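Using the sequences and the hints, build the whole thing.
Below, each chain spelled out in residue letters.
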Amino acid sequence: MAFSDRLFLTSMAIIGGVYVLLIAGMLLADFAYMARQSVAAASDQEGWFSVITHSPIVDALRDPKIRYSIRLSLISCTLSALLSVFVAVPLGYLMSRVRFPGRRLLDAFLDIPIVLPPLVVGLSLLILFQFAPFSWFAPSIVYQVPAVILAQFSVACAFSVRTMKATFDQIDPRCEQVARTLGCSRFQAFSLVVFPEADRGMITALTLAWARSLGEFGPLLIFAGSTRMKTEVLSTSVFLEMNVGNLEAAVAVSLIMVFGAVVILVLTRLLGGAPEDRVRALVRPPESAGRPSGLQEPGDGA
Amino acid sequence: MIQLEGVTMVAGNFALRDISFTIPTGGYGVLMGRTGCGKTTILESILGLRTIQAGRIRLGDVDVTELSPALRGIGYVPQDGALFMRMTVRRQLGLALDIRRVSASQAAERVEELADWLGITYLLERYPRGLSGGERQRVALGRALSFVPRVLCLDEPLSALDSETRQQMCELLGEVRQRTGVTTLHVTHNLDEAQRLADPLFRLADGRFERVDASVGRGAP
Numbered sequence: 001m002a003f004s005d006r007l008f009l010t011s012m013a014i015i016g017g018v019y020v021l022l023i024a025g026m027l028l029a030d031f032a033y034m035a036r037q038s039v040a041a042a043s044d045q046e047g048w049f050s051v052i053t054h055s056p057i058v059d060a061l062r063d064p065k066i067r068y069s070i071r072l073s074l075i076s077c078t079l080s081a082l083l084s085v086f087v088a089v090p091l092g093y094l095m096s097r098v099r100f101p102g103r104r105l106l107d108a109f110l111d112i113p114i115v116l117p118p119l120v121v122g123l124s125l126l127i128l129f130q131f132a133p134f135s136w137f138a139p140s141i142v143y144q145v146p147a148v149i150l151a152q153f154s155v156a157c158a159f160s161v162r163t164m165k166a167t168f169d170q171i172d173p174r175c176e177q178v179a180r181t182l183g184c185s186r187f188q189a190f191s192l193v194v195f196p197e198a199d200r201g202m203i204t205a206l207t208l209a210w211a212r213s214l215g216e217f218g219p220l221l222i223f224a225g226s227t228r229m230k231t232e233v234l235s236t237s238v239f240l241e242m243n244v245g246n247l248e249a250a251v252a253v254s255l256i257m258v259f260g261a262v263v264i265l266v267l268t269r270l271l272g273g274a275p276e277d278r279v280r281a282l283v284r285p286p287e288s289a290g291r292p293s294g295l296q297e298p299g300d301g302a
Numbered sequence: 303m304i305q306l307e308g309v310t311m312v313a314g315n316f317a318l319r320d321i322s323f324t325i326p327t328g329g330y331g332v333l334m335g336r337t338g339c340g341k342t343t344i345l346e347s348i349l350g351l352r353t354i355q356a357g358r359i360r361l362g363d364v365d366v367t368e369l370s371p372a373l374r375g376i377g378y379v380p381q382d383g384a385l386f387m388r389m390t391v392r393r394q395l396g397l398a399l400d401i402r403r404v405s406a407s408q409a410a411e412r413v414e415e416l417a418d419w420l421g422i423t424y425l426l427e428r429y430p431r432g433l434s435g436g437e438r439q440r441v442a443l444g445r446a447l448s449f450v451p452r453v454l455c456l457d458e459p460l461s462a463l464d465s466e467t468r469q470q471m472c473e474l475l476g477e478v479r480q481r482t483g484v485t486t487l488h489v490t491h492n493l494d495e496a497q498r499l500a501d502p503l504f505r506l507a508d509g510r511f512e513r514v515d516a517s518v519g520r521g522a523p
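Quick mapping for you: the protein sequence lines, in order, are chains A and B.
With the working numbering, letter number 43 in the first sequence gets 43, and the count goes up by one each step, no holes.
One gets the working numbering by counting positions in the second sequence from 1 and adding 302 to each.
Hints may be right or wrong, so weigh each one.
Now the in silico label distances, taken between C-beta atoms and shown as ranges [unchecked claim]:
{"id": "1", "chain 1": "B", "residue 1": "Met387", "chain 2": "A", "residue 2": "Leu9", "range": "35 to 43 Å"}
{"id": "2", "chain 1": "A", "residue 1": "Ala132", "chain 2": "B", "residue 2": "Leu369", "range": "40 to 48 Å"}
{"id": "3", "chain 1": "A", "residue 1": "Leu106", "chain 2": "B", "residue 2": "Gly314", "range": "14 to 22 Å"}
{"id": "4", "chain 1": "A", "residue 1": "Val262", "chain 2": "B", "residue 2": "Gln355", "range": "52 to 60 Å"}
Note that these hints are calculated values from the structure, not bench results.
If you're wondering where the values come from, they're calculated on a predicted model, not measured in any experiment.
For each residue, glycine too, the CB sits at the ideal point set by N, CA and C.
Structure follows, in structure tokens:
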């Protein structure tokens, strides 16, 4: 290879490598900190087992407040992810297949939850529930568990819609047209031909929405509050522990979230189909917003 | 019979105006023209996938201008086959019969018969992924013929095939015509293909539609 070519590729690798190192460094620092604290706490004890039992992570897992927060996170993320995909499938399909006036405008409009500062999303939700008919339901939603799910949904769904639109864009519309000439109604063509082909896209949309919901914080803080044992999810736990100066617990909860996010990432890679599909669907940034689809952002918007 | 009468279609900046032609019952019409001249647009109008701005479209003695694609009863083979990726070949061949609530045993019999005729019996349990170009087109053709349509529309069905497979498919298309007597409209940009099969041959150029004598057509674009 010519020297200039090598120089070019090396420069690219160095610049790109800095970011890879940054990600690796952040995760390693969390683990190193946790290991140091565990060893320090177990210094007067014998054996490796005591290091594990004295780990702040184990402490966190013993704490009923954190347990509640883990449980609420799992439930709310799952519900908001399911809800996101349920909405994203029809919306993504319409955006991909139907040409109507104002389509491009609507396409940009759907990016609003992605580009809007998270705190503003929360505030806007709060204000929305001051007006009828939303205000009628406000007492059972605002600062209650449903607010957690709604706040997560309102941002996560935008990512699902992007993913589903990209999925339907990749499915040849000719197949549907052939199905219609074979006697299928539009609904039959969709349910028999298009929907089965979109399964991998739906899994990606689901996991992306789930991970996005897990990291949601700003809107939650404003719209659902941060009441312990009530509207506390994992990102809220990190914030609350930091507030009382308990860095150990905050890092411990963060690592629990890292674990959750990694599980989701691996699941997506395993179920997400052909490499080129999943790279396009998962890594592809939203078209108009330059913001990455952040899988793990515990402090997002704080 | 396929009959277009003063049909006008507009798609964005592109427009075809006052198109009229007739392909008699049992005829094999071939429509030739350069890529992008509107051949597919005409085909889509006949199939009902595109609304037309003026004119009438008749199939046999039925005016289908306002009918949905599902009710027109046209077999359609698009360029690359557009096979359903998540259905076995057997299911694709039987889909139109399922939709029409044909009894399972009758449908199965029809699928076997079609597969045998098209030489794709060995593919029946397979999914489209990994099928060769020729196999895909046979499956697509079988799927289009499964419900015994009165009209068959083929959009560049041979363009993605190597020359040997193309020869075989050409023969097969001739056989389809003989055996079923289905009225066909075949769209292509390949002159050789057009001359072999056409009866009658049409040419579309610069928005004008004209009938050409298939034997004299040699040398035309």
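Evaluated hints:
1. Checked against the hint of 35 to 43 Å, the pair Met387/B and Leu9/A passes, with Cβ atoms roughly 37 Å apart.
2. A beta carbon spacing of about 46 Å between Ala132/A and Leu369/B agrees with the range 40 to 48 Å that was offered as a hint.
3. In this structure, Leu106/A and Gly314/B meet the distance hint of 14 to 22 Å, their C-beta atoms being roughly 19 Å apart.
4. In this structure, Val262/A and Gln355/B meet the distance hint of 52 to 60 Å, their C-beta atoms being roughly 56 Å apart.
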